[in-house]
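Below, each chain spelled out in residue letters.
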Amino acid sequence: MFKSIMVPVDLVHADKLALALDTAVNLSKIYHAPITYVGVTSSAPGPLGHNPAEYDENLAHFVSEQARTHGIETHGRTVVSHDPAIDLDDALIKAAHDIGCDLIVMATHIPNVADHFWPSNGGRLATHADASVFLVRG
Amino acid sequence: MSDSSEPGIPAPEGPTDLIDTEYEVGQDNISMSVGPFGLDIHNPVFAISGLTIVAFVFMTLAFQESTGAAFGELRVWLTGTFDWFFLSAANVFVLLCLFLIVSPYGKVRLGGKEATPDYSYSGWFAMLFAAGMGIGLMFYGVSEPISHFSSSVADNAGAPDSWAPLGGAMGNAVEARNLGMAATIFHWGLHPWAIYAVVALALALFSYNKGLPLTMRSVFYPIFGERVWGWTGHIIDILAVFATLFGLATSLGFGAEQANAGLNHIFGIPVSEVSKVVLIVAITGIALGSVVAGLDAGVKLLSEINMVLAMLLLIFVLIVGPTVAILTGFFHNLYEYARYLPELSNPFGRTDDNFRQGWTAFYWAWWISWSPFVGMFIARVSRGRTVREFITCVLIIPSVVSVFWMTVFGGTAISQLVNDGYQAVADAPLELKLFTMLEALPMQQVTSFIAIVLVIVFFVTSSDSGSLVIDTITAGGKVDSPVPQRVFWASFEGLVAIALLLGGGLGALQAMAVSTGFPFTIVLLLACFAILKGLHSEPR
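Listed in order, the protein sequences are those of chains U and D.
Here the first sequence stands for residues 117 to 254, where the numbers follow my numbering.
Here the second sequence stands for residues 1451 to 1990, where the numbers follow my numbering.
The hints are simulated quantities; they were obtained by calculation from the structure and are not laboratory data.
As the structure is a computational prediction, the values presented were derived from the model and not from experiment.
Each residue gets a CB set at the ideal place from its N, CA and C atoms; glycine is no exception.
Don't take each hint at face value.
As the list claims (entries may be wrong) - In silico lysine to aspartate or glutamate, DMTMM-like type, Cα no more than 25 Å apart, as pairs:
#1 D:K1563 to U:D126
#2 D:K1557 to U:E170
#3 U:K210 to D:E1474
#4 D:K1557 to D:E1472
#5 U:K210 to U:E173
#6 U:K145 to U:D126
#7 U:K132 to D:D1470
#8 U:K132 to D:D1478
#9 D:K1983 to U:D131
#10 U:K132 to D:D1746
Unchecked claim - Here are some of the chain D residues that sit facing chain U, going by a computed Cβ distance under 8 Å:
#11 L1662
#12 G1744
#13 P1932
The following block holds chain U by itself, in its conformation from the complex (with noise of 0.2 Å):
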């Protein structure tokens, strides 16, 4: 049914994803369809690394993790933004258009106030990718 899924992912918060990496997992499992594991970054220097060449790195050792652990064909893709705070989801929505994946696996937050006036990423990236969306909360 799924060809190919995207799992945008926050490495410096790695923990907060178990649930929506073991879904997406799972679903990969089920349908065979690659995983690309994507994570957006600034040229400045980061907690992942001096520069996105180093954040790229990173990146890749966390997708091979991923293979070698579950079995399952992964890509990794460094995704550069200017200003990333702001740009995260039309930086994931371009790479889900350019991935072509159609189906698209994300950690999100339990709803809260703030989602009332400040869309949550994940309930952007549901109404405005070309993908269908599985919101993971966790």
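Using the hints, position chain D against chain U.
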């Protein structure tokens, strides 16, 4: 199976000389929730900066007379006593920048040998100009040349109470005009842009090539080593936040007063506290929209709109004003600037105390107090440029634009005064001089309206980029901190401006913000050393 070499991944950055430190960006940050909002803030820089600013605002409001006098005297004392220090330091910055353009260090690329620029020339230039001095050009473009011309030609030129540069040119209108333009360009040309360039280059080099967080303290790693991650670094960052927020808030307060005067002059809108507060709220509101829209869709877009509007106004004045005189004046003023530059920048053995201390040293302290903010913003958008390209675009091109701007606006105003006897342009209060000059030209309703829009949007572009900078510093150099934090700083800046406007104390705190220029001059001199040391170890 893993494949991370797909489209979307940036080109290899090439070799750089990364600094080997155990420190990880964001390691001192605390993540917390305030109501529904998640925060990711540096401990203790965020809290101390915020609380100290609140304490200073309260102190200024509670003890208005004594703090006003104290900060005002402090500023005058610093620029009066250490004028030689400010002038000498600014000369060092210019010489360093010129050296970097011609030296082999110019080949070093910010972000690694194979890094590509994040922004096109037009977007980059629009942003650094809008953040750097756009608003000043609006207010001083007409008033400063007129002031220097008037004081230079006056009967008391050269006397101890005169404000004329270099003793003036009593009764000699031609020479007074040359001197007035040269002195104005001196204050808006190579020196201020060299100050910004030094800070911006240091930050960009230590972040993009050395891998340290994008925050002021990183520049001092070659000097203080691992201590920059402790209190030494906290104090540097807090001082940077302090200078930036007070610089922005007080400018916003004064800007509202000036914009109100302009609106009153053109549309008859009453000058009142309500009007000013509405203006601050409106400017802060647009700035909020801009920071929430992000660097590309907000800050860059507004800067580009502003650039186009400013160009239109410039071209209009050029065409309807004395076109030939302005065009020839441009080269003539460049020549006069070069001719007077050695004398104007000489820190010792001069007799023009009022001008040297009250104008030049004040300007240098002002530019230097703004430099953490402007420098950091320029650094943020300058990755991928070589040092030579960077200095040329941050030092030479803006200086040439400043010369052209001052020639068009100041030159036209002086022509109106000298050739047409239009005394109103000299007599108008500072905030109305630009509008008075435009009144004597055709279509003044349209041009004055564009000028007001420019004034307001230039404030917005300073306010939004300043909020981004403060947000990054108080998040320990992280540029992806949660959006509510930048909303907080932009709003906080507006609230501080309103409190000071209503309660009094704008002048006092602006004097204090300018006073931070003194410690930052020392900081910048250390940064020069850090730049040379840092560039020396980079692959070229």
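Checked hints:
With a C-alpha separation of about 28 Å, the suggested pair K1563 (chain D) and D126 (chain U) falls outside the 25 Å cut-off, and the hint is violated. Among the hinted pairs, K1557 (chain D) with E170 (chain U) is consistent with the structure: their alpha-carbon atoms are about 23 Å apart, no more than 25 Å. The straight-line distance between the Cα atoms of K210 (chain U) and E1474 (chain D) is roughly 30 Å, outside the 25 Å bound, and the hint therefore fails. Between K1557 (chain D) and E1472 (chain D) the alpha-carbon distance is near 29 Å, which puts this suggested pair outside the 25 Å criterion.
Annotation: proposed proximity of K210 (chain U) to E173 (chain U) holds, straight-line Cα distance about 22 Å (limit 25 Å). Of the pairs offered as hints, the one joining K145 (chain U) and D126 (chain U) holds, with about 23 Å between alpha carbons and a cut-off of 25 Å not exceeded. A hinted pair counts as satisfied when its Cα atoms are at most 25 Å apart, and K132 (chain U) with D1470 (chain D) does not qualify at roughly 30 Å. Only pairs whose Cα atoms come within 25 Å are accepted, and K132 (chain U) paired with D1478 (chain D) is accepted, the gap being roughly 20 Å.
For the hint pairing K1983 (chain D) with D131 (chain U), the CA-to-CA distance comes to about 40 Å; that exceeds 25 Å, so the pair is violated. For the hint pairing K132 (chain U) with D1746 (chain D), the CA-to-CA distance comes to about 29 Å; that exceeds 25 Å, so the pair is violated. Here the hint on L1662 (chain D) is kept, as its CB sits about 6 Å from the closest CB of chain U, short of 8 Å. At its closest, the beta carbon of G1744 (chain D) sits 3 Å from a beta carbon of chain U; the interface hint therefore holds under the 8 Å criterion.
Contact between P1932 (chain D) and chain U, as hinted, is supported at the beta carbon level, the nearest pair being about 7 Å apart and thus within 8 Å.
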